[in-house]
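S.K.: So the protein sequences, as listed, match chains A and B. Take 1 as the starting number for the first sequence in UniProt numbering and just add one per residue. Take 1 as the starting number for the second sequence in UniProt numbering and just add one per residue.
FYI, nobody ran anything at the bench for these hints, they're computed from the structure. A quick note: this is a predicted structure, and the numbers were derived from the prediction, not measured. Heads up, some of the hints might be wrong.
Identical copies look the same in the list; a pair holds intra-copy or inter-copy alike.
As a list, the in silico BS3-like pairs of lysine-lysine whose alpha-carbon atoms are at most 25 Å apart [to be verified]:
| no. | residue 1 | residue 2 |
| --- | --- | --- |
| 1 | Lys51 | Lys15 |
| 2 | Lys106 | Lys116 |
| 3 | Lys126 | Lys116 |
| 4 | Lys48 | Lys15 |
| 5 | Lys60 | Lys106 |
| 6 | Lys123 | Lys60 |
| 7 | Lys48 | Lys126 |
| 8 | Lys15 | Lys60 |
| 9 | Lys106 | Lys15 |
| 10 | Lys60 | Lys126 |
| 11 | Lys51 | Lys106 |
| 12 | Lys126 | Lys106 |
| 13 | Lys15 | Lys123 |
| 14 | Lys51 | Lys126 |
| 15 | Lys123 | Lys48 |
| 16 | Lys116 | Lys60 |
| 17 | Lys60 | Lys48 |
There are 2 protein chains.
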Amino acid sequence: MTNEVILMSHGLMAKEILNSAQMILGDQINYPVVSMTPDDGIEGTFNKLDKIIGTLNDAKRIVILADLMGGTPANTAMMLASEDSRIQVITGVNLGMVLESFFAIKEENLVEHLLKIGTESIKIPKLQIAEEEEE
Amino acid sequence: MTNEVILMSHGLMAKEILNSAQMILGDQINYPVVSMTPDDGIEGTFNKLDKIIGTLNDAKRIVILADLMGGTPANTAMMLASEDSRIQVITGVNLGMVLESFFAIKEENLVEHLLKIGTESIKIPKLQIAEEEEE
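Bound conformation, chain A alone (with noise of 0.2 Å):
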């Protein structure tokens, strides 16, 4: 089973969370990128993806990770999903999520495995108050 990710946003916000991924992780995580301008539309942005799907022939699933629910990437990835069963689509993505992207990339269940790891990673982190002397 080999696994395709393809990151999508609204402006370069998809770019720079991988950037952000290759500051951790260095070059060896590289997906690549659907980044919508204002000019792009609906038919812009999925000539982008198309595209790109066009060259992971070999791909047996593709998972596409978009910035929101109901926002034209995640639209545009649904539109080719109905068309292309081998895609999958996630919105939300944060960067907990790219990051465990590039482990799990052979999970067959890879989308399911980073909603788990896209919500556990939003969190309220306690401050770690200097109370350990008590004991």
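Following the hints, position chain B against chain A.
M.R.: Positioned in the frame of chain A, the structure of chain B alone reads:
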């Protein structure tokens, strides 16, 4: 209650997630951003954030949306939170959280609210298979 929001990330992700939000909501949404460079380390990141905090004397609460639990941006935010009780931190930022922060900016429990919105915005959208015809 006046809440202020700050976005923090490795690299330019925070800047570009704000830009994505502006593509949707317009320039009315605008927050200070800390973009950690590879050279910043803990000290440089701390100084960037501290400088911004210094401009927010009127804020009753400062909510920092950081990219990754355990990353330097989140860790330096926690260091400052331990010194300044106005600061609250949430990790795993995604676009849905940034958009919602704009509408919910006056919420007393903004950080808890964003935790809920952020996790809910991570979704695997269902394909609308054309079976509506059945009735």
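S.K.: Please go over all the hints and tell whether each is borne out by the structure.
M.R.: Hint check results:
1. Lys51 <-> Lys15: within (17 Å within a copy, 27 Å between copies)
2. Lys106 <-> Lys116: Classified as within; 16 Å inside a copy, 30 Å across copies.
3. Lys126 <-> Lys116: So Lys126 and Lys116 pass the 25 Å test inside a copy (21 Å) and across (17 Å) alike.
4. Lys48 <-> Lys15: both (14 Å within a copy, 23 Å between copies)
5. Lys60 <-> Lys106: Result: close within a single copy only, 11 Å intra versus 46 Å inter.
6. Lys123 <-> Lys60: between (33 Å within a copy, 22 Å between copies)
7. Lys48 <-> Lys126: between (42 Å within a copy, 22 Å between copies)
8. Lys15 <-> Lys60: Classified as within: same-chain Cα gap 24 Å, cross-chain 34 Å, threshold 25 Å.
9. Lys106 <-> Lys15: within (22 Å within a copy, 31 Å between copies)
10. Lys60 <-> Lys126: between (41 Å within a copy, 20 Å between copies)
11. Lys51 <-> Lys106: Close inside one copy (24 Å), not across copies (43 Å); limit 25 Å.
12. Lys126 <-> Lys106: between (33 Å within a copy, 23 Å between copies)
13. Lys15 <-> Lys123: Both: 24 Å inside a copy, 21 Å across copies.
14. Lys51 <-> Lys126: between (44 Å within a copy, 23 Å between copies)
15. Lys123 <-> Lys48: Classified as between; 23 Å across copies, 33 Å inside a copy.
16. Lys116 <-> Lys60: within (22 Å within a copy, 34 Å between copies)
17. Lys60 <-> Lys48: within (20 Å within a copy, 44 Å between copies)
In the structure shown, no violation is registered for any of the earlier numbered hints.
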